[in-house]
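Undergrad: Chains as they are written, first to last, in our numbering: chain R, 1 to 633; chain U, 1001 to 1122; chain Z, 2001 to 2473.
Watch out, some of these pointers could steer you wrong.
[To be verified] Taking lysine-lysine and the BS3-like style, the derived pairs with C-alpha atoms no more than 27 Å apart in a straight line are:
{"no.": "1", "chain 1": "R", "residue 1": "Lys591", "chain 2": "Z", "residue 2": "Lys2427"}
{"no.": "2", "chain 1": "R", "residue 1": "Lys200", "chain 2": "R", "residue 2": "Lys368"}
{"no.": "3", "chain 1": "Z", "residue 1": "Lys2351", "chain 2": "Z", "residue 2": "Lys2470"}
{"no.": "4", "chain 1": "U", "residue 1": "Lys1115", "chain 2": "Z", "residue 2": "Lys2441"}
{"no.": "5", "chain 1": "Z", "residue 1": "Lys2427", "chain 2": "U", "residue 2": "Lys1114"}
{"no.": "6", "chain 1": "Z", "residue 1": "Lys2441", "chain 2": "R", "residue 2": "Lys594"}
{"no.": "7", "chain 1": "Z", "residue 1": "Lys2449", "chain 2": "R", "residue 2": "Lys591"}
{"no.": "8", "chain 1": "R", "residue 1": "Lys594", "chain 2": "Z", "residue 2": "Lys2024"}
{"no.": "9", "chain 1": "U", "residue 1": "Lys1062", "chain 2": "Z", "residue 2": "Lys2427"}
{"no.": "10", "chain 1": "Z", "residue 1": "Lys2435", "chain 2": "R", "residue 2": "Lys591"}
None of these hints come from the bench; they were simulated from the model.
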Amino acid sequence: MSLAVLIPLFPLIGFLINGLGFRRVPKSLVGVIGSAAALASFACALSLFLNFSGQPEVVHIFDWITIGDFNISMSFQIDQLSLLMLLIITGVGSLIHIYSIGYMHHDEGFGKFFAFLNLFLFFMLLLVLGSNYVVMFIGWEGVGLCSYLLIGFWNKNTNYGNAARKAFIMNRIGDLGFLLGIFLIITHFGTVEYADVFSKVAEGGYESGDKTLMYITLLLFVGAMGKSAQIPLYTWLPDAMAGPTPVSALIHAATMVTAGIYMIIRSNVLYSLSPETLEVIGWVGTATALLAASIGLLQNDIKKVLAYSTVSQLGYMFMGLGVMAYSSSFFHVMTHAFFKALLFLGAGSVIHAMSDEQDIRSMGGLRKKLPITFITFLIATIAISGIPPFAGFFSKDEILAHVYEHNKLMWVLALAGSMMTSFYMFRLLFLTFFGEFRGTHEQEHHLHESPIAMTAPLMILAVLSAVGGFFNLPHIFGGHASLATFMEPLFAQSHIEAHAPNESTEKMLMIVSVIAALVSAAVAYVMYVSKKAVPEADGTETGLQKVVYNKYYIDELYDTVFVKPITALSNIFYSFVEFLVIDLIVEGIGKLVKGISGEARLVQNGTTGYYIFAMVISIAVMLIWGLRIFILG
Amino acid sequence: MNYQPSDYLPIIVQIGAALAFIVLTMVATHWLGPKRHSKAKDDVFECGIESVGNARTPISVKYFLVAILFVLFDVEIIFMYPWAVNFKTLGWDGFLEMIVFMSLLLAGFIYVLKKGVLDWEK
Amino acid sequence: MNAIIALSLFGITNLFLGFLNNRKILLPATLLFVLIAFGLNLADWNHEYYWFHNMLKTNNLSINFTSIILVATALVVAISRGFGNDEEHTHPAEYYGILLFSVVGAIMMVTFQSLFMLFVGIEILSVAMYVLTGSDKRNLRSNEAALKYFLMGSFATGIMLFGIALVYGATGSFDINGIGNMVNQAKLQDIMLNPYGPILYGGIILIFVGLLFKISAAPFHFWTPDVYDGAPSIFTAFMSTVVKTAGVAATYRLLSISFPAVYGLWGNPLVYITCLTLFIGNITAVYQQSFKRMLAYSSISHAGYLLITVLAKTPTTNSSILFYSLAYSIATISAFAVLMVVSEAQSKSGKPDESFTALNGLATNNPFLAFVLTVSMLSLAGIPLTAGFFGKFFIFADAFSNVSSLFKTIAVVAILMSTVGIYYYFKPIIAAYLKKGDLEKIELSPIYKLTLIITTALTILLGIAPDLVKNIF
């Protein structure tokens, strides 16, 4: 048994202990067990990573289903991509588990929370470890389930429950696409193992733009849209903030929502041969990045801002994928995991201090009361805004550089998005930590820095957000692009034409985007620190502001276009079709069977002689039938 | 040797003859024999004391039990005869097998005894 | 075949253990005996041995069948609860002893090499079952069932013996391989060309009448509902698992070794029997009001499903039969285990209530039992994520992979009938969860609970990862 088996096993054990022993395991032990499970997985992942030979390795555990020649095995694939994902998931996951010990301490569902969190880790690890699409799909569904459970964690609140349902349903729409994609892969290639599918594609002489591959990739991308919250399936993610903040950090920022990107990078062989799909992905990503960023500009809920920021950053990643900058996208996944987890945890720390207040209009001036939270939040803000030398700068600029090479218009839009990013992030920072405190007296009295269990993860993540960019330092800064080099074997089969921008262009692009970010930050400073502007109360916005504040009425649009007609249609079906057609047929068949049954049962009349007589008749019939030629001559 | 179904014809003839003989004699005696009925003659016991009550009275299940046990052990004895005839050819193997057989039988006998089946008074 | 010897001796040991004053020792002792036999059985794995002058033959297939039989026996023993506390009218030592003897018969049925042994095995199994069916001596229905079973059973064995004689007449051999060779050489396919053809045909049909009677295939199923209903539940559980598995194994062994060459002779009659079995088992079950009687009809229908793959004789038939038997056995034992405790808790004037209404409101105070019941019903109905689903799936796959279009028709009939099955399998679930009842909490002994956990967990496990055991088969 390889170490790879242990990695998902630890969280599963943690889940079983905390889940089955809910309310029985002492509270002090619950957090320790949950965190230890995550840390143990991290240790295993790290040891795998350090001993990695460079050759992908498939760990076969057991054959799951065998039907004829078609075999689905439960097996894990250890390669560059899964190792990096493992490190991110278990690393950030461990930190968030530790953080949760402090954050959730007063909650009565403490054990349940850790059980779900561990279960999530298990499924997420299954998702990235699986060596075929079916195992990935199991993990995919599993994380969706855990996401549902954790969004609706405080299930006494109806709104939270609705948010959980929304997330689940939206994800199901995406999953349908994913599932159809898998079916298409099965019918077309006869296997679901990554290695087999990709080698069949590589050796099969598929031309770029092959129709089958296009359908497969588009369907898979629908799955990615759902899970990674892209237009049009993004509206669940902001609502998902109903869950506890560590959940938002772990599931809805750092890990689960990047599953779509993981999947596309994993299938890069297929995608690289489908330029149409890539174009779709690129534009969907761009649109999402812009739209979400613009909504983020005017949100007043600290977690909602971060949620839209997440959607927008995911858009950037898809943009990168769309221009085949796979390793750059992954680089952004990694740095984003660091700084966005940090931002959420920082927000959690603020919310904790503010006694569950989430509206930034009621905050302000918190930097003195929460020094550690402030400094770490500041680092994360700088990182996400793309100001050097923090992590976000390197990863985002790499994507932008590739986008520039691909399509200038897309680059302009992306730059606009990144300006907005910088603006809303600094707006958030200034409104929260600068100026005067605007909350109630009681809240002010309660203000306190969070316990060490919460601040320690913040500090670690802050360090990672600060230096994370150096993992893939580009050549122009004298780096070796180590991450890209490490990941290179993954793309060996997909023949990506290298079209990295030349050095002077790259420098020029960087300078432009840094200036843009700094200008936005400065504007935010002038507006919210110098002028001390505070967003107005709800319902007083006008014009465009109102439209943006209400998220472009997308939710309402979906409601009118999809939900209401479907409800109306189902009402019609219920009152006519159900009554006239279904009932008649279904109940008719039921009645018929029951009628026959009632008659057939009378044959069993309890008389032995009669039974034996029936047997003799049957034997005679069989003999006569078989020997009819013999008897009749 | 390869038998044809027609080779079994003598057996059918034999069976037929046997059956025919029985049927024939029974029918013949009924026809030929004289019939004289009288009360004393139709009685269950023609001589001795007069019978009382119904013949189908319930009998203690112990009778049946003992009868079955008798049949059981009696039949087992049948296995002894061929063994005794072939005693020398079967040799030690046969002897051991018979010991196993007998000890199983003995175990059954002990079981019956311990169950108290033969304890008539109980 | 040390398992046979060991089990016979253990059976005798059990009889004598009964003289000890402590009745509690019997259950663990019997369980231990069965497990020892299980170990002895596995010792021959991957070898082909002839035993007792070529009378029996073990190979991996027969060892697998024996294993399933022993597992089912162990589970039944585990839920027997020492046959109650009635000191005067129950004889646990004898019941356990007879149970072990009957298992000997069952094992002989799956390992026979000579038709003699098939006959002896069936008789050992049957006589034991006649006795156990009537073991509830004060219950009229139990007595009636035993007598019915005995009368019809001896009739069927008589017919089978006649069939064996005819087959011997046609082929001159009792050895199943010998018969197979003779059948191959003699070109008996065409009844008109060979004078032995009619004799062979008659023999095959009559032997199968005997075997089909044992696995309760229609139209030889008439005893099943009455006997299953009348016998004490624990022995019904034993009958519907062990006896059925042994019967199917014997049928399959005989068909696949001796008579594959004359498929034309017996193929069609058995196909019609299969369809009839599926139809009668499923349709009649719909109307039943008694849970136990429903399970009896359900066992008839499962015989039908098993016959499909026996007849389809694809390369995967081995593993399909084994998987189905295992899935069916564990689910059935779960169902009977729940039925037993619930019907006793609901007993009216001393008689256990075995109707569906006895299950009303089971989930309120006994969520564990309700869950076990649900899983077993879902498995029997063949709902995904339970072992039963894959059991059916493999069987239908076998049917579809057979070239003959006849099998596709059977598969369609079987699928239709399994949808009918959903109707009656959901009745107990509905009763347990949706109906209101005033059933108190039922206390279960640890071993009883453990057994239920094992069967339920196994049902789910095999429903998620069927290849875990299918690779062994």
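Undergrad: Now, for every hint given, state plainly whether the structure supports it.
TA: For each hint, the structure was consulted:
1. R/Lys591 - Z/Lys2427: With a Cα-Cα distance of about 16 Å, the restraint between R/Lys591 and Z/Lys2427 holds, given a limit of 27 Å.
2. R/Lys200 - R/Lys368: Violated - the C-alpha atoms of R/Lys368 and R/Lys200 are around 60 Å apart, more than 27 Å.
3. Z/Lys2351 - Z/Lys2470: Cα-Cα ~42 Å, so violated.
4. U/Lys1115 - Z/Lys2441: Distance ~39 Å between U/Lys1115 and Z/Lys2441 Cα, so the pair is violated.
5. Z/Lys2427 - U/Lys1114: violated (49 Å)
6. Z/Lys2441 - R/Lys594: It is violated: about 34 Å lies between the C-alpha atoms, which goes past 27 Å.
7. Z/Lys2449 - R/Lys591: Violated, because 39 Å separates the two Cα atoms, which is more than 27 Å.
8. R/Lys594 - Z/Lys2024: violated (46 Å)
9. U/Lys1062 - Z/Lys2427: violated (47 Å)
10. Z/Lys2435 - R/Lys591: Between Z/Lys2435 and R/Lys591 the Cα gap is close to 22 Å, so the pair holds against 27 Å.
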